[in-house]
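Respectively, the protein sequence lines represent chains C and S. Counting from 1, one number per residue, gives the positions in the first sequence under my numbering. Counting from 110, one number per residue, gives the positions in the second sequence under my numbering.
Just so you know, these hints were derived from the structure itself, not from any lab. Bear in mind that the values here come from a model prediction, so they are computed numbers and not experimental data. A portion of the hints provided could be inaccurate.
Claimed, not checked - Derived list of chain C stretches under chain S, where covered just means 3 residues or more per stretch with a C-beta under 8 angstroms from a C-beta of chain S:
| # | segment |
| --- | --- |
| 1 | 23-37 |
| 2 | 56-64 |
| 3 | 76-89 |
Note that CB positions come from ideal geometry on N, CA and C, so glycine has one too.
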Amino acid sequence: MTGMDAILHGGLQGYLVVALLLFGLGLATVLLRRTLLLQFMGVELMLNAANVALLAFARFHGGDAQAMVFYLFIIAVAACEAAIGLALVIGLYRHRDTTDSDRATSLKQ
Amino acid sequence: MSLTPSQWAALLPLLIPVFGACVIVIMSLDTDQATTKWIRGAMYGTALLAVAGSFWYLTDLWKAGSQPAFFQLHMDRLAQFTGIFVMVAAALTVLQSWDHFHQEGWVKGETLALLLFSAVGMMLFASTTHFVTLFLGLELFSIPLYALVGTVRARSESAEGGMKYFLTGAVASSCFLMGGVLIYGLSGTFDLAAAASILTVKGLALDPLVLVGAALMLLGFLFKVSAVPFHQWTPDAYEAAPHPIAGFMSVATKGVAFIALLRVFPGSFAPLGALGMKMQAVVAILAVATLVLGNLTALVQSNVKRMLAYSSISHAGYLLLGFVAGTPAAYTGVLFYLVIYLAMNMGAFGLLTAFGLVGEHTTFEDLRGLGWKRPAMGFAAAVFMLSLAGIPPLGGFYGKYMIFRELVGTGHVGLAILGVLASLVSAYYYLRLLVALFLQAPSAEAERLASDRPAVHAPLAGAAVLVCAVIVLAGGFLQYALVDGFAKRALVEGLGLLR
Chain C
1 MTGMDAILHG
11 GLQGYLVVAL
21 LLFGLGLATV
31 LLRRTLLLQF
41 MGVELMLNAA
51 NVALLAFARF
61 HGGDAQAMVF
71 YLFIIAVAAC
81 EAAIGLALVI
91 GLYRHRDTTD
101 SDRATSLKQ
Chain S
110 MSLTPSQWAA
120 LLPLLIPVFG
130 ACVIVIMSLD
140 TDQATTKWIR
150 GAMYGTALLA
160 VAGSFWYLTD
170 LWKAGSQPAF
180 FQLHMDRLAQ
190 FTGIFVMVAA
200 ALTVLQSWDH
210 FHQEGWVKGE
220 TLALLLFSAV
230 GMMLFASTTH
240 FVTLFLGLEL
250 FSIPLYALVG
260 TVRARSESAE
270 GGMKYFLTGA
280 VASSCFLMGG
290 VLIYGLSGTF
300 DLAAAASILT
310 VKGLALDPLV
320 LVGAALMLLG
330 FLFKVSAVPF
340 HQWTPDAYEA
350 APHPIAGFMS
360 VATKGVAFIA
370 LLRVFPGSFA
380 PLGALGMKMQ
390 AVVAILAVAT
400 LVLGNLTALV
410 QSNVKRMLAY
420 SSISHAGYLL
430 LGFVAGTPAA
440 YTGVLFYLVI
450 YLAMNMGAFG
460 LLTAFGLVGE
470 HTTFEDLRGL
480 GWKRPAMGFA
490 AAVFMLSLAG
500 IPPLGGFYGK
510 YMIFRELVGT
520 GHVGLAILGV
530 LASLVSAYYY
540 LRLLVALFLQ
550 APSAEAERLA
560 SDRPAVHAPL
570 AGAAVLVCAV
580 IVLAGGFLQY
590 ALVDGFAKRA
600 LVEGLGLLR
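Assemble the whole structure, with the sequences as input and the hints as a guide.
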């Protein structure tokens, strides 16, 4: 089985690699990008990486229903986070006319 | 679905504040809330009633000695202890925020509703070892706090602090989630206690994925207690947040995260012996870093709120030292210290409201000479600062003493000495606040501005501060009664940690 087959047809490892890759990409986006919206997308990517891993494990454990329900809860939580996060971005934009996180420095000493 | 009385008993302490919060949201739909005093009064009254109802119910459970459960939500002694802790903090916050938001001119009902939801999330977070419930509790108390930090939308610093707290907090939550998912993946169960025994049986205790998972979960907890290197958000968030909310975050978030950490790491993960040792080594290093960095950075702050933020970071260091010692007596000391810390930090942030400092005017300069103008508040300030520094007859000293004694007892003498040195250093910046309050005369310009403004009137915040001062003083004189009556029983009967 080639690597691509493993990812497409069921190897748990393939899914895990994808999940950890997504997680790393999300973390890198948050740390390296300087636009609040992109950093925010990075956070969502990290949450969804955990979702991918969760569903892969759920299938590996024989379709664990608890994990499937948890997955739905995580989606709901991510939506709540998005609501608060976007509200804060808009609040900041109204004061500063920018979504560049390097320019949000009025609290430093 | 019908619930048994026992299930209701476990749920009610959470449902009462949730119901109160929903009522407050409906009340705050009224567009007149900024102008009509009775609506504001009704909203604050509802919040206090909801908090008092939950508090009363929890104390009743505690007295009856029952430990009900609702599926994965275990209202055991430790959870009841946490609930009472959070409700006292929430009540003090509500009282202080009435005065603070009137001073700021920004009285909104949603603040109270968010505060109540956050308090419920905290109780949920500390009363379970099931990862799904744990994660939902974490998010339920974090998400309202992100909004609360940025609640005074008129100030641009407010949105900025909220944004910083949100981004870092969301990353920490994602890491926590990923860690839990990895542990679930290898063990096949969400219950962390069951997962630990399954992993031990399978011989996977030191599997790299389990290590990564446990480390990511630890990161989530350490972020919430603001330990170095996950502390950067703390000063910014506290400075941006309204004073009572900053106090609530410093006390309740930290306390609850420590109690949940206690439940998960020494509690559920006890079967994973080798992993526990590794985690303890990491915690020891981070505790030292937290103590040193928190205390040294606090020395150079000119803003009282930032000083208190770094002081809260250094207190996370002392509490982490209790985890390094890792004996039942040390955990009892941690719980006792958290109670005293609740009183002294809520009091210290309450002072800012009681002195009527609003917006950016929270530097040491703004405090000059205020101690003589409000002698009762000045006395309370002296109690809080001396207790935070760990001066003997006060409560803060006994908390530190219990932790350091256990450190020496378990052979970590070096860490105990470092802790004592850190307390000595911290005395400098705490006394600096007292010097500003009592020994420095206010500048001529400040005097002129003060005579232009109406006199500060903050009766509720003042009362809350005095209550805190009494708790700190009582904690110093009744420490063994408090420890045996509450902290030890919470651990023994709730966690079964001491046998």
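Comparing the hints with the structure gives:
Figure legend: the segment 23-37 of chain C, annotated as covered by chain S; annotation consistent (5 residues with Cβ-Cβ distances under 8 angstroms, at least 3 required). Given as covered by chain S, the segment 56-64 of chain C passes the check, having 5 residues with a CB less than 8 angstroms from a CB of that chain where 3 are the minimum. Check on the segment 76-89 of chain C: 8 of its residues sit with their Cβ under 8 angstroms from a Cβ of chain S, so the three-residue criterion for coverage holds.
When the structure is compared with the earlier hints, no violation turns up for any of them.
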